[in-house]
Amino acid sequence: MNAVIALCHFCELHGPSILFCTQSFHTNEERQPTAFDGKNDQGASGLSGHPLFRRSRSTDSTVSTASGSGDHKSPASKTELCEACRSFQPGQPNFISHDHEVGISYISTQYPQNPQIFTMVRQACVRSLSCEVCQGREGPIFFGDEHHGYVLSYTFFIKDSHARGFQRWYSVIVVMMDRIFLLNSWPFLVANMRSLIDELQAKALKVYEQEQSEHPQRAERINQEFLAPGDFYRRRRGGSKTFRSLLELTRDKNVFRYLHMVFAWILKAGGSRMTEKVLEGPPKEEALIDLDNEEETEEGFIKVSTMTMDPDPAGGTAEGPTAIQDSREEWQDGGPSVKSLHHLRRLLGSLNFHDLAHHVLIGNQIIVRCTFKSTLRSFFEVLKTLLPVGCCHIITHSDHYEESFKCNFLGLSPSTSLPGHIKSSEFFILLDIISPSQSPRECERVVVKEPDPFHGFGITMSSTGSLPDKAPTILTKIENVLDNRNLNQEVIHTFLVALKEEWMNKVKLLFKFTRAGSHTEEETERLLEILKAKPEDKSLLKYWINGLSSQYRSHLLTTSSMGASSS
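Position 128 of the sequence shown, counted from 1, bears residue number 128 in the UniProt record's numbering, the numbering being contiguous throughout.
Hints are computed from structural coordinates only; laboratory data are not their basis. Quantities reported herein were computed from a predicted structural model and do not represent experimental measurements. Positions of the beta carbon are idealized from the N, C-alpha and C atoms, including for glycine. Worth double-checking, as some hints may not be accurate.
BS3-like, lysine-lysine: derived pairs with alpha carbons at most 30 Å apart [what the hints assert, rightly or not]:
1) K406 - K512
2) K542 - K506
3) K534 - K384
What follows is a list of derived Cβ distance ranges for each label pair [said to hold, decoys possible]:
4) E138 - H215: 22 to 30 Å
5) P115 - G165: 31 to 39 Å
6) G165 - T119: 25 to 33 Å
7) E479 - T119: 55 to 63 Å
8) G465 - A498: 26 to 34 Å
9) P451 - R553: 45 to 53 Å
10) P451 - E479: 20 to 28 Å
11) T119 - V481: 51 to 59 Å
12) I180 - D483: 40 to 48 Å
13) F188 - E211: 29 to 37 Å
I would like the entire structure built from these sequences, with the hints used as guidance.
What follows is the structure in structure tokens.
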């Protein structure tokens, strides 16, 4: 946990002061020479390069809080510390614990060694023991801002028979910059703070009761207050025994070692109990379609076929909803390839591309005849980007016609003829891509651009049906994007994915609405108006319903039937 935990104390002589703090550091792999003698601390050698140890330890009662050099000093360095404000005696090594699994070290010192962190912790210490207190002056409270850090402070009292009111005021503070993380860790931190405080208070109470039984102080103090001269308290404050350390109050010589252990554990456990995760939305239809195609065994494993599927007896290559077999050597026939929608639009022209895309979006069968199988494959690869995955059923190449219920993209040889009922149908469009060797002069469109791989090829489009005057809304948006010359292919691809996802959500709502019960035509029109779907979008919505995965369909039918039965 990227935080600083500190024990603070309100001294009657110095005011709020930092008594003990623990931080976590990533172990520095580079070993640099240091003036700190690590023989008194076995774990210090692993952090010799850390700024914390790039200084010599003070040998007198002045405590340096500088990082890196002795020139930068904290306010406490200019004042001789009393026993109550000191956690480490001069020459005493700090506490270090290593977590070798993750390469993090937990270091406890009296003050943070970084000047900026010291300023933040110092300010939090002053506020926690002055203005930022909860009702009753004992308990947790949260305060802070984004500039000075956020603080969780838990104030409490420790019994002391020598103190005014027979108690000393302490606080445990957690300082960090992540407000959300700190607030989410509130229950964990408060519970562990309370456990630590209870143990300290129990030890101090035991010492206090023992001292009170041996030397009752209240009556003696009252008598001294009336009989003492005016400077009694000033002289008394000059003594060292009046302001006693936490060691004396608890009579536990390992109390700061114990604090180091608890603080280090809180930092480690607090960081591991909460982890960041990427929250993804519901699975897309592409993922659900892939799950539909997977065959699960009784043991729960997914069966993966490693056998190569042979083409059917008629020479056709039948393919799944999204797959196009591109590993066949016979498809590497040297034919030109369609690179993108931009490229296809340039080959066909804007009007022909508009008609072809319209046929694709409403589910009419697209038949392409070409000599080169690689050209057919690239042609369908580009066209399928206009449709959801579940709506793409492709037969890349066949020597005879396949019905539209088997595929909506069909590739044929140039010599393959179409049945009579197909020629009279309005639910198909035929494209002939004629190579230069086949004299494409009589074609409607001949590619004349020399740098283009289709240079010299002829392209013809034919369909017996007539399309509506208004194209679907999604086609208009696609053409507007293709008209923008400033957008690269990656941006266009992202736009198409988002656009298809948007309209698939509308399809899901329409499917659920129609399956939930009988509705009038007026109610359906009202729903389409809410979905911002125009009359020219109806044929697209009806066709795209076929792209819903079987898992979604079954889930929706189940929930609809359960809702109908409960009502």
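Consistency of the hints with the structure:
1. K406 - K512: 26 Å, holds
2. K542 - K506: Status holds; Cα separation ~11 Å.
3. K534 - K384: 24 Å, holds
4. E138 - H215: 22 to 30 Å: 27 Å, holds
5. P115 - G165: 31 to 39 Å: Once the Cβ atoms are compared, 35 Å apart, the range 31 to 39 Å for G165 and P115 holds.
6. G165 - T119: 25 to 33 Å: 31 Å, holds
7. E479 - T119: 55 to 63 Å: Cβ of E479 to Cβ of T119: about 60 Å, so the range 55 to 63 Å holds.
8. G465 - A498: 26 to 34 Å: Holds - the Cβ-Cβ distance for G465 and A498, about 31 Å, lies within 26 to 34 Å.
9. P451 - R553: 45 to 53 Å: Because 47 Å falls inside the window, the suggested range holds.
10. P451 - E479: 20 to 28 Å: For P451 and E479 the Cβ distance comes to about 24 Å; the hint holds.
11. T119 - V481: 51 to 59 Å: The hint (51 to 59 Å, Cβ to Cβ) holds, given that T119 and V481 are roughly 53 Å apart.
12. I180 - D483: 40 to 48 Å: 44 Å, holds
13. F188 - E211: 29 to 37 Å: 35 Å Cβ-Cβ, so the 29 to 37 Å window holds.
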